[in-house]
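Enquirer: Chain A is already provided as a structure; the job is to place chain B on it using the hints.
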Amino acid sequence: MPLEDAEGRILGKGSARSTPFLDSFSFEGHTPVTATEANPQPAPARVSPFLSVYETAGQAEYRDPEAEALAEFLREIHDSEFDEALLEVIHEAEALVEDRFAAEPGDLRMQTRNVENLLQAHLAPLADEVGRALNTLEEQLAGRDPSAITDEEIEALAEAYVPSQPIRPEFENFLGKLVKKAGSAIVKGAKAAAKVAGGFVLGKFIAAVKKLAPILLRQVVKVAINKLPAQYQPLARKVAEKLGLAKEVAEEQEEEGERLLDATEDVRRIQNEFDQRIAELAFARDDVERELLVAEAAVETRESLSSPLSELDWARERFVRELMELEAGQDPTPIVERFVPVALLPALKLGLKVIGRQKVVNYLARPVAKLIARLIGKEHAGPLSSALVDAGLRLVHLEATPEDEMRAAGEAVAATVEETIRKVASLPEEVLEDEELLEGYVLEAFEEAATVNLPDILSEEVYENRPELREAEHFKSAWVWRPLRGPKRYKKCTRIFDVSVTPHVAQAINTFGGYTLAEFLRDRLGLPAGRPVRARVHLYEAIPGTSLPLLYWHERGIPALGTAGRAGWSQLHPLTPIAAGLLCGAPGLGRDLPPKYWASRRPLFVGERLYALEIPAALPQTVPAPNGKTIVRQPGTLGLTLDFPRNQIRLCIFFSETEAQQIATKIRERARLGLVWTLMRRKVRNRLARAFSTPDRVKVIHGTVAAAAAEPSPLNKLPPIAVHWLKHRVGPALRKGLVALLRERSREFVAAAEQPEDGVTLIVTIENVPGLALLGKALRGETVDLPNLQSLKDVPNATIGVFAGHRRD
Amino acid sequence: MPQSVSLRDIGATEGLEAVRTQLERQVAHWTTAASRLEVLENLASAEAWLALERYLGVAVRERLTEAVQRLRPFAAVLRNECYSARSAADLERVQRRLLDFRHRYTRVELCLDFYGDCTRTRTSPEISVLLRACDLLARRSMQVILEPLGKPTPPVLCYLDKGVGASILKAGLRLWDGSTESPAAAIKIVWHNLFRPSSLVHETGHQVAHIVGWNEELAAALETRLAPYGREIAKIWAGWATELAGDAFAFVHMGYAAVAALHDVVAGDAASVFRFDEWDPHPISYLRVLLGVEMCRRFFGSGPWDALADAWIQAYPMANAEAGVRRVVRAPLLPDVAEVCLAAPMRAFGGRSLAGWIDPRRVSPSALVQLEKQAGAALFVSHHWIWTESLRLTALTGYRMATQPEQMADAIARQRAWMLRLGALLAEA
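Chains A and B supply the protein sequences, listed in that same order. Reminder that position 647 of the first sequence reads as 647 in my numbering, one-by-one numbering, no gaps. Numbers in my numbering are just positions in the second sequence, counted from 1, shifted up by 809.
With the rest of the complex left out, here is chain A:
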């Protein structure tokens, strides 16, 4: 680690000797290891009670029943609504931190401590209530036979708990979900533990689970402070080994070099980790082991918090300042060298295989410095600043002074350098080792980064020969860091588009959660479906640490984003090339979105593009839920569950309120069956196709699949022909069931639509699907006779339950 003075300049050996604190070298061993440096080897897993896949190699038919029990347990206690509740708590915490500390410079460690104190005070009422709620739960379950407690009873207990004092709505929501999860985990854990080991005492198990709850809240603090994704989790590896999935996890790690960087922590990881800890408790051999597990967890909660993002903020600030101060002809290499290690932080946090930091510094600094030489210094800053203003800088920085505009030129160069470094750092090691090859890659990465961050500064002739060097040819634009002053949280395009979103355009654009933009506009914003919508389109790009609350906090002047709560933070959509082409006439502004990121708005990936529609006529819609709370209106969805143990396929089809009323109206009007079916089919067909391509929409209950929302989709393990077969089995069975429903029980649908709940849910169960067992074997990696699948032509029967409101399987 280079020694730096107070100004951040690297000190040579001589300088080091001149310090009066020569003895400080002796403290080297005690220097606190920052999170960025820490790269702990995963702790060796304790001896697993289960066989790993390696032990079963060559015995493909064998599957450890206890591993399957563990998988089943994890699946049963997983609750996707818990992720949403947790996300709300985290969002509020992040917004609070931003509100309080966004513009407050100071000592980095001191600020981290202050943020931690603020968050602990903020979460204290929730922590108190969690303790009380779990005590109440313990009293209610004590002495009961776990096998006699149903899920409904647990849900009722969670619903019935009333906080002892008024708490924030997001806390209340989270509390309800936590109690439900804890109750479910206790009951199911007790059942599972009874099978695994004797001497199980329910009271001790509950006490252990209670001790895990504070760890969860500590995670919220961690995420809000250290916004970057956590490093690879040793705990995840340990459980994966028990599940017999160590090989798959290892392969996934191998592929990480090519993966995109998450801009923030994936909140789903927190639930998974919490569930895994409970699973360890449930499957522990005895109470001694349980106590050890709780103690281990407690030690982890005490580890100090760090804020690598703040480190990056500071380094950026310094880098820009130094770039601006350079004189004409002065070599920028030393300041680039200082910036490179910090710019690499987000990549290191994800555990990317980056060769030694110093090596990267050496390789990258000089060529990058050479590339920016003609963009920096007082001589070039003026023209670059003018080009940025020309591209619309003042539209996004309304309050910018002439000094800010000059500074924006430095920031544009800094952003270009930062992105170049990150792109190059993720290259394969053999490229990084080959200086000749590397030069070409650096140039390519630099051009890509400059295309985004710099305005049009090359001649038209160059752009004619190489159109890829700018994102749009009909207008000038650039992406600038926001906010204008203080730490940078995201980028915004300098151009804001005034557009008319026609119904056809809205229909052709998909957004998060597997909806179309048309569905979003109708069901979330209450806009009439058949009319064009006038809107201003604001474009954003995620950088390391970008999360929605931060973006909203800084963009709160824009009415579309200014609304608090979920209705507000669901106003951003993915700017794919299709969306960018249709809305802005410039597909080059869009970025492809890998399947993992389609499911929700968190995490975003670094470089992900988003847009917000500013629509004066739009009013985000909420509806009262049966429990008295307020929830946002839901667009229609379709979820698919492949339940291998029961040999069932279930579909959870949710028709939004508007869709449900359209169908119910047709039924009331006694329209011909064909017309009603066509209306229903149009909605179901597209969603079924989307479900197969969106990981979160497919739930697989199988011994090899642990969590409910697995990523990548477990269907990826199947040969394409099997997935194709599956689609063609589900479609006809569904049609048969839905047509029978419309023919014989349409009044049930109408009655459900007449309830005040939001929309209507159909839960379709297809029993005894021929061939499903074969797919189950294929998922285990067993050899199956796929042609045999094709010969199974029977359309199985489906039973359908009709429910008012939004249900999940």
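In short, the hints are calculated from the structure, not lab data. Any given hint might turn out to be false.
Listed below are the simulated SDA-like cross-link pairs for lysine to any residue, each with C-alpha atoms no more than 25 Å apart in a straight line [as the list claims (entries may be wrong)]: (1) K629/A with W858/B; (2) K378/A with R407/A; (3) K1182/B with W553/A; (4) K960/B with Y441/A; (5) K629/A with V1190/B; (6) K960/B with V505/A; (7) K683/A with E1198/B; (8) K222/A with L865/B; (9) K476/A with I457/A; (10) K629/A with A1186/B; (11) K1182/B with P756/A; (12) K629/A with S933/B; (13) K1182/B with R743/A; (14) K960/B with L525/A; (15) K736/A with E669/A; (16) K1182/B with W677/A; (17) K960/B with R531/A; (18) K683/A with V1190/B; (19) K960/B with I558/A; (20) K1182/B with V802/A; (21) K1182/B with D331/A; (22) K629/A with L861/B; (23) K960/B with R534/A; (24) K1182/B with L675/A; (25) K423/A with G440/A; (26) K629/A with K1182/B; (27) K960/B with A529/A; (28) K1182/B with G557/A; (29) K1182/B with P528/A; (30) K1182/B with G530/A; (31) K629/A with A855/B; (32) K1182/B with L679/A; (33) K423/A with A315/A; (34) K629/A with L865/B; (35) K960/B with G557/A; (36) K683/A with P594/A; (37) K683/A with A1186/B; (38) K1182/B with L742/A; (39) K1182/B with Q755/A; (40) K177/A with A1236/B.
None of the values given here were measured: they were computed from a predicted structure.
Expert: Leaving out everything else, chain B in the frame of chain A:
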């Protein structure tokens, strides 16, 4: 702050000193009162202001604070002049400035009090939700025509107050202080009509007419069309254009419900029904009701409005009107007025008529019955219907109240229930 100098020291009479003391006290009183106005939380809680602003999307507090801060320089000048006054002439000037300052203060206070009142009426949870529903109804009624005309729909802030009829403070108008622009259309709903809010749409008609410039065009069109009935008559009707615009707008959205509700508001004693004031923009009430009936006949044919007209004519014999009023009332021109208001193409509406944009047949009794059949039991329960058909639901409930008075209590309960649902749709998640 300049040092106070006693007039006695500079040879003034005791009388002048006494005047000066009185002025000093008054200056101190009004300037400190003005500085107290800057604390808007004295009028309504910070949370109430914040909720209002988030909801309206307009920085109401910022505008009001600016209005108060505009008093500052006047207060400073007043204090300086008071302290440095040395002669009777100086004191007279201070006196004049003081009066001017009081006037300014009162106007700013009026602005603040107005918005403070509006905000405070939303402190009860139920009233707050109901008023949100009214805001939405009002906005919807304007949006449907302003949006396709490319005009922005202003935010709406409804508030409850005493009185017989609704009123509007249009968005974009200069407020009482002469400088601050009204940030939203502020519509007064009267308590007795909270669940028969068709008058709300009459008020939004004023806002729409103001935005698109319909009033002037309608006045000119009426004057031309009614010229054959005599220049004076035509001028009188043209002078009523702004209120006719409101009535026509309420009719196209609410149908017969608007006519019956208007009837119930104006059905006072004979003197009020036949009152005519040439400066009053409201038409003679007797004619307003009959014009509403004429609009129903033109678009819906015959119906319960015929009976209403008969009863109206019977209840208010023309013999009770003054001779001059009788002359105005007798002119058989209502079909022409209805035609001009509803069916005549207008530049203000992009060359189309009002009914061309908002077809009154959507709220004809048969169309409302059809809506009931389509939606069944979901009509007043489903947020789809409540959200998309809120105006027609008001028209339907109003129609039922007008034609089935024996079920008035049920109709009001139903209206209240669905308005609560509508208001709840805009709650924060």
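Enquirer: Indicate, hint by hint, whether the structure satisfies it.
Expert: Quick rundown of the hints versus the structure:
no.: 1; hint: K629/A with W858/B; result: 23 Å, holds
no.: 2; hint: K378/A with R407/A; result: 11 Å, holds
no.: 3; hint: K1182/B with W553/A; result: 46 Å, violated
no.: 4; hint: K960/B with Y441/A; result: 52 Å, violated
no.: 5; hint: K629/A with V1190/B; result: 17 Å, holds
no.: 6; hint: K960/B with V505/A; result: 23 Å, holds
no.: 7; hint: K683/A with E1198/B; result: 23 Å, holds
no.: 8; hint: K222/A with L865/B; result: 36 Å, violated
no.: 9; hint: K476/A with I457/A; result: 10 Å, holds
no.: 10; hint: K629/A with A1186/B; result: 24 Å, holds
no.: 11; hint: K1182/B with P756/A; result: 18 Å, holds
no.: 12; hint: K629/A with S933/B; result: 18 Å, holds
no.: 13; hint: K1182/B with R743/A; result: 21 Å, holds
no.: 14; hint: K960/B with L525/A; result: 20 Å, holds
no.: 15; hint: K736/A with E669/A; result: 23 Å, holds
no.: 16; hint: K1182/B with W677/A; result: 21 Å, holds
no.: 17; hint: K960/B with R531/A; result: 16 Å, holds
no.: 18; hint: K683/A with V1190/B; result: 23 Å, holds
no.: 19; hint: K960/B with I558/A; result: 19 Å, holds
no.: 20; hint: K1182/B with V802/A; result: 23 Å, holds
no.: 21; hint: K1182/B with D331/A; result: 80 Å, violated
no.: 22; hint: K629/A with L861/B; result: 21 Å, holds
no.: 23; hint: K960/B with R534/A; result: 11 Å, holds
no.: 24; hint: K1182/B with L675/A; result: 19 Å, holds
no.: 25; hint: K423/A with G440/A; result: 13 Å, holds
no.: 26; hint: K629/A with K1182/B; result: 31 Å, violated
no.: 27; hint: K960/B with A529/A; result: 20 Å, holds
no.: 28; hint: K1182/B with G557/A; result: 44 Å, violated
no.: 29; hint: K1182/B with P528/A; result: 21 Å, holds
no.: 30; hint: K1182/B with G530/A; result: 23 Å, holds
no.: 31; hint: K629/A with A855/B; result: 24 Å, holds
no.: 32; hint: K1182/B with L679/A; result: 19 Å, holds
no.: 33; hint: K423/A with A315/A; result: 18 Å, holds
no.: 34; hint: K629/A with L865/B; result: 23 Å, holds
no.: 35; hint: K960/B with G557/A; result: 21 Å, holds
no.: 36; hint: K683/A with P594/A; result: 24 Å, holds
no.: 37; hint: K683/A with A1186/B; result: 24 Å, holds
no.: 38; hint: K1182/B with L742/A; result: 19 Å, holds
no.: 39; hint: K1182/B with Q755/A; result: 16 Å, holds
no.: 40; hint: K177/A with A1236/B; result: 22 Å, holds
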